[in-house]
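Once you've looked at the hints, dock chains B, C and D against the given chain A.
Chains as they are written, first to last, in the numbering used here: chain A, 217 to 558; chain B, 217 to 558; chain C, 217 to 558; chain D, 217 to 558.
A couple of the hints might just be wrong.
It does not matter which identical chain is meant; a pair holds if it fits inside one copy or across any two.
What the hints assert, rightly or not - Pairs of lysine to any residue, SDA-like flavour, derived with a Cα cap of 20 Å:
(1) K347 - S320
(2) K558 - V522
(3) K435 - N379
(4) K435 - E343
(5) K517 - D437
(6) K221 - N240
(7) K347 - L434
(8) K221 - M481
(9) K347 - S433
(10) K347 - R439
(11) K435 - R290
(12) K347 - R290
(13) K221 - Q243
(14) K517 - M217
(15) K542 - R290
(16) K517 - E242
(17) K558 - R290
(18) K221 - S239
(19) K517 - A336
(20) K261 - R251
These aren't lab readings, by the way, just hints derived from the structure by calculation.
Now for the letters of each chain:
There are 4 protein chains.
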Amino acid sequence: MYSFKNDYSEGTHPRILNALMESNYEQEAGYGEDRFTLGAIELLKQKIGRMDVDIHLLSGGTQTNLTALSAFLRPHEAAIAANTGHILTHETGAIEATGHKIISIEVEDGKLTPLHIKTAIDAHTDEHMVKPKLVYISNSTEIGSIYLKKDLEELSDFCKKHNLILFMDGARLGSALCATENDLQLSDLPSLVDAFYIGGTKNGALIGEALVICRDSLKEDFRFHMKQKGALLAKGRLLGIQFLELFKDDLFFELALHANKMAGMLRDEMIKANFKFLTHSPSNQIFPILPNSLISELQNKYAFYVWEKVDSDYSAIRLVTSWATKEEAVLAFIEDMKKLLK
Amino acid sequence: MYSFKNDYSEGTHPRILNALMESNYEQEAGYGEDRFTLGAIELLKQKIGRMDVDIHLLSGGTQTNLTALSAFLRPHEAAIAANTGHILTHETGAIEATGHKIISIEVEDGKLTPLHIKTAIDAHTDEHMVKPKLVYISNSTEIGSIYLKKDLEELSDFCKKHNLILFMDGARLGSALCATENDLQLSDLPSLVDAFYIGGTKNGALIGEALVICRDSLKEDFRFHMKQKGALLAKGRLLGIQFLELFKDDLFFELALHANKMAGMLRDEMIKANFKFLTHSPSNQIFPILPNSLISELQNKYAFYVWEKVDSDYSAIRLVTSWATKEEAVLAFIEDMKKLLK
Amino acid sequence: MYSFKNDYSEGTHPRILNALMESNYEQEAGYGEDRFTLGAIELLKQKIGRMDVDIHLLSGGTQTNLTALSAFLRPHEAAIAANTGHILTHETGAIEATGHKIISIEVEDGKLTPLHIKTAIDAHTDEHMVKPKLVYISNSTEIGSIYLKKDLEELSDFCKKHNLILFMDGARLGSALCATENDLQLSDLPSLVDAFYIGGTKNGALIGEALVICRDSLKEDFRFHMKQKGALLAKGRLLGIQFLELFKDDLFFELALHANKMAGMLRDEMIKANFKFLTHSPSNQIFPILPNSLISELQNKYAFYVWEKVDSDYSAIRLVTSWATKEEAVLAFIEDMKKLLK
Amino acid sequence: MYSFKNDYSEGTHPRILNALMESNYEQEAGYGEDRFTLGAIELLKQKIGRMDVDIHLLSGGTQTNLTALSAFLRPHEAAIAANTGHILTHETGAIEATGHKIISIEVEDGKLTPLHIKTAIDAHTDEHMVKPKLVYISNSTEIGSIYLKKDLEELSDFCKKHNLILFMDGARLGSALCATENDLQLSDLPSLVDAFYIGGTKNGALIGEALVICRDSLKEDFRFHMKQKGALLAKGRLLGIQFLELFKDDLFFELALHANKMAGMLRDEMIKANFKFLTHSPSNQIFPILPNSLISELQNKYAFYVWEKVDSDYSAIRLVTSWATKEEAVLAFIEDMKKLLK
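With the rest of the complex left out, here is chain A (with noise of 0.2 Å):
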């Protein structure tokens, strides 16, 4: 049974295993301030090519959103999210436990625009109601598709205007940066977004995830909040030297491009055979609607979430490949499906 459930059943890349290897004896400072994660995030600001930026490394997506947003809001203020948004739906209300409400707009392709934005901020007109400041965005969303630059620059310009933060969930930023579509660079992003995150542990690492702040406002005592949150790592090397390798050859890109292209090759099989979409995504993430007696048959090699029920007929179905999918099992999916569709 090969698993497309999802970008994270895999360990980590063997160079990332080489690396805590070769670096494992030496003794280095604890809680992120040992010389990889300094190095790595000396890597990342040249990457990023903004040096004024503020890196922190964290271990996982949710860790890094609750700790950035009960940082950046004051008690009143709320964020804004797409229904999609990871925040609103898988996160277990921790947002929420940190004390801040979560205004959900109902979208369609999973993205943000000023023009719904606009829409809440006009429904939260005084004290009786939360204030709306922080706009939370995720890139590749959580249905696969993706911000273009001009998406981006749009809602940065309303958000700019508005006095609001826009931050992005980057868990799968990688896939998004790298889509064939996308027209988005790293170093694009500071002066776009007032923070994102780098996330290493859907493309290839065993946890980590590089919060860049770009905004100097919220730069503030940072790591004060990640300690109170639990998210310094006595053993901080662990998320720095795992940057290091991810980005000193580019490593990084080298794997979301992997997984584009196993994703690809799947979303090209759909198309061929005239299957649908649920939504346009050029990422890692697909999701088409099959018959559900073929959902049936490839469930018996092949493992996959069954995303939502669309007709009596048809089912939505979610592929998720990764750094580690492997070619061969990806051709033979796509063998498996064509005989099964004869």
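Same frame as chain A, but now just chains B, C and D:
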């Protein structure tokens, strides 16, 4: 410069790295439902001798403390801790950030007794004050002392009688249980405390603490709390693999014994040299009181914390040994000290 | 300019002022342990017909909601509310500020049904999402509708079956129970809901809500929560005296009946004039849909909220009557409307 | 049995009841936007001599403390308070429930000095600890002592220099400012502290504290925080009317002077009888140390708290006087004491 600053200066035991490598490409379920984590939990239950406890693997001590305490307590309930308690001093208000006061008890040796707790309870008489509900102890304590079986039995009896939750921070439980003076075993703990954890990070793992919940009423829905606090790792296998490796051949205890042995060599030499100690510590942290001049000289070759000034000529230092401490480094330190004392 | 904006525009019923005056110099215990509060609680228990409930007097609706919900829920548990629910829309994230998510259910008439709740429960399947635990309803609702006995019995059955807490916000319970269509009595509530409150503020008191906790497991230590949230008044007598006065001769119901009667006069006239309503409301808030031109004219002499635009020519307005609404003001409004419609 | 237990045993000054009665049927806006509240705020600004402060009326001390501190502090920031501080001892962890640690400083006389604060700051060195940010003082203190102008100037200078917020709990500010030893005026406060409140509840009002925010950076959006914490009363007029009445003819100070005078009579008699005091208190709470036998006898006719045991024969009691304390009751107490001492 050799460091005796802490027990998390190096990476991890090579067997753990090997285990990560060997299992690297196996596809597994995420969020702690992988076969490694399930296996580690099963193994730990056997080692503890109780199959009815619940075990969860988390990343670090602060994370474990805040997730557990916020899950166990209602909003008006408070924890009681020794003034040296890690949650009071070195977690940036992590417990308060989840809404709970910690009642501080002044102690000499890092350890709480029933009398201490009684004093705290007696001082909290009505609804104008928090309700003391959980007793937080560390074993070994933050200043190296350990709880003997008798100590723990007395605390346990008192807590049961007063319906208090007894919680043991075991970030350095390995060292405590392997101390020569110790008379406690892992299997004693479930009947004595309501929850405790077995610290991996400071005993040879990269990250990882195994929380053991013994009292039934504290078990419900714990994974919800882990997710909410950012403590469920997508690649939970990282924790599972490490605990499997640490416990399948008792590597965990082997490492703790080594750390204690190294500390013992340093301690014995200090005693021979007629130095006093800030506190009695049979574990891997010792606090000898040395002349300032000696301290200065030692600092040229060794890194360690100067813990506190004792008088104008003497200060207590903290020396921490670990699974990775090299015997030759300890011998060199001793040799250097002897030379300096001549 | 006469105001139909809300039911808290005036002070309080003169009998309450008299009672304050008569009792003014009696020395009493503080923090709700005075004889007035104790007497009011006793009296309320009799009126409710259940001596085993716990009753607490608090100052206002938001305070009562946040104190109760934070006392009743564990950190990962969420409330379910209609999208019109006061806690969702007009309490500045008070519930989220205590750490809990509110799951919003889109409804037409302000009321929740078992089907609504089932949908919410079914959508929350595991520890990656909050756990729905408490159902928040308002009676009368924020848009004037009321729960009939059958409605509440169905909800109650469903909640009991699914181990959900059923909580009724009764800020306008007086008006609901005195509506002509109503078939519920105060004494029905303890067996149908787990906790509810009897709103004083919007029914003739200066401040004051009487929270009735029916389910035993929710009662423990509630006064701790009140103190912690700033809800224990030093001069708790202020609340006790008012509730004594409101209930010793059923003044409470008398006042609600008056408010409803005034709303009824307005409603009848609107029906005669063939105006539609935004929603069916038998209580003291009505939402007639009027031509914009008429609204403008009426606004010259009367204050009220324009609730929402219906189409280019019509808008719904909100008219609220109260214990203090003068019949002559209602008659004048009707007269003016008739004239304007000629 | 006449009570000297506290200063909130009676209702309110009759002028306040009259004012409530006279204004009772005027229709006014809700939530503190009524003309009484607006008028009271204006009047208070004049009395304080600073039109640029922000003033908000809240119900009680705990509510004011928790709303202000949670609005003023970021999650990792802590308050510093004397060990006798009300927020530390008698508010059921209200501040911690909003997420903030309070650092306790052991003091003799209820008062903080720059040296105390320096010690706290020096002990908090990095991100593993909370960041001390707000200094909480009470005037008069919980044990009756008061801050002189010099005390406050020193504190103020220190706090400004270290970028600390200086917050004064003024639940008993009236008594402090009217003490014979006092050299502070209301108008001195805005330049000395960043926020303070003028307590009504313990100085003749039914409920009510007027929070004055002096530092500009603390003013933004404060009403959001009030609403979120349940502190915006629908009938905010109740607070406005009271503060108007208390300040339009300086009734506030008249009442405080009376309370102090009554305490002074008791104090003088204790001094004449050669009794010592637990602490020097020039305000309306005194803590004489009396023989236990005398205490027992007095308890037959008077209610008061026995504060603490001093030795086997003596205990300190707390006598509190108020705006409503009757001179004849004080004289009777004195007479009875004299008789018992013969």
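Verification of the supplied hints:
1. In the homo-oligomer, the alpha carbons of K347 and S320 lie at most 20 Å apart both inside one protomer (14 Å) and across protomers (18 Å), since each shortest distance falls under that limit.
2. Proximity of K558 and V522 under a CA criterion of 20 Å is satisfied in neither setting, with 22 Å inside one chain copy and 63 Å between copies.
3. Both within a single protomer and between protomers do K435 and N379 lie at most 20 Å apart by alpha-carbon distance, with minima of 17 Å and 18 Å respectively.
4. Proximity of K435 and E343 under a CA criterion of 20 Å is satisfied inter-copy only: 14 Å between copies versus 27 Å inside one chain copy.
5. Taking the closest pair of Cα atoms, K517 and D437 never come within 20 Å of each other, the shortest separation being 50 Å inside a single copy and 33 Å across copies.
6. Proximity of K221 and N240 under a CA criterion of 20 Å is satisfied inter-copy only: 17 Å between copies versus 32 Å inside one chain copy.
7. With identical chains, the CA atoms of K347 and L434 are at most 20 Å apart both within one copy (18 Å) and between copies (16 Å).
8. For a Cα distance limit of 20 Å, the shortest separation of K221 from M481 inside one copy, 16 Å, qualifies, whereas the shortest one across copies, 52 Å, does not.
9. Taking the shortest Cα distances, K347 and S433 sit within 20 Å of each other both inside one copy (18 Å) and across copies (17 Å).
10. Proximity of K347 to R439 under the C-alpha cut-off of 20 Å is restricted to the inter-copy arrangement: shortest distance 11 Å between copies versus 26 Å within a copy.
11. Taking the shortest alpha-carbon separations for K435 and R290, both the intra-copy value of 15 Å and the inter-copy value of 13 Å come in at or below 20 Å.
12. With identical chains, the CA atoms of K347 and R290 are at most 20 Å apart both within one copy (10 Å) and between copies (17 Å).
13. Within a single copy, K221 and Q243 get their C-alpha atoms only as close as 38 Å, which misses the 20 Å cut-off; across copies the closest is 10 Å, which meets it.
14. Within a single copy, K517 and M217 get their C-alpha atoms as close as 5 Å, which meets the 20 Å cut-off; across copies the closest is 56 Å, which misses it.
15. For the homomeric pair K542 and R290, neither the shortest alpha-carbon distance inside one copy (46 Å) nor that between copies (43 Å) is at most 20 Å.
16. For a Cα distance limit of 20 Å, the shortest separation of K517 from E242 across copies, 16 Å, qualifies, whereas the shortest one inside one copy, 45 Å, does not.
17. In this assembly of identical chains, the alpha carbons of K558 and R290 never lie at most 20 Å apart, being 59 Å within a copy and 54 Å across copies at closest.
18. In this homomeric assembly, K221 and S239 come within 20 Å of each other (Cα to Cα) only across copies, at 19 Å, whereas the closest approach inside a single copy is 33 Å.
19. Neither within a single protomer nor between protomers do K517 and A336 lie at most 20 Å apart by alpha-carbon distance, with minima of 45 Å and 33 Å respectively.
20. Only within a single protomer do K261 and R251 lie at most 20 Å apart by alpha-carbon distance; the minimum there is 15 Å, versus 38 Å between protomers.
The structure shown violates the earlier hints numbered 2, 5, 15, 17, 19.
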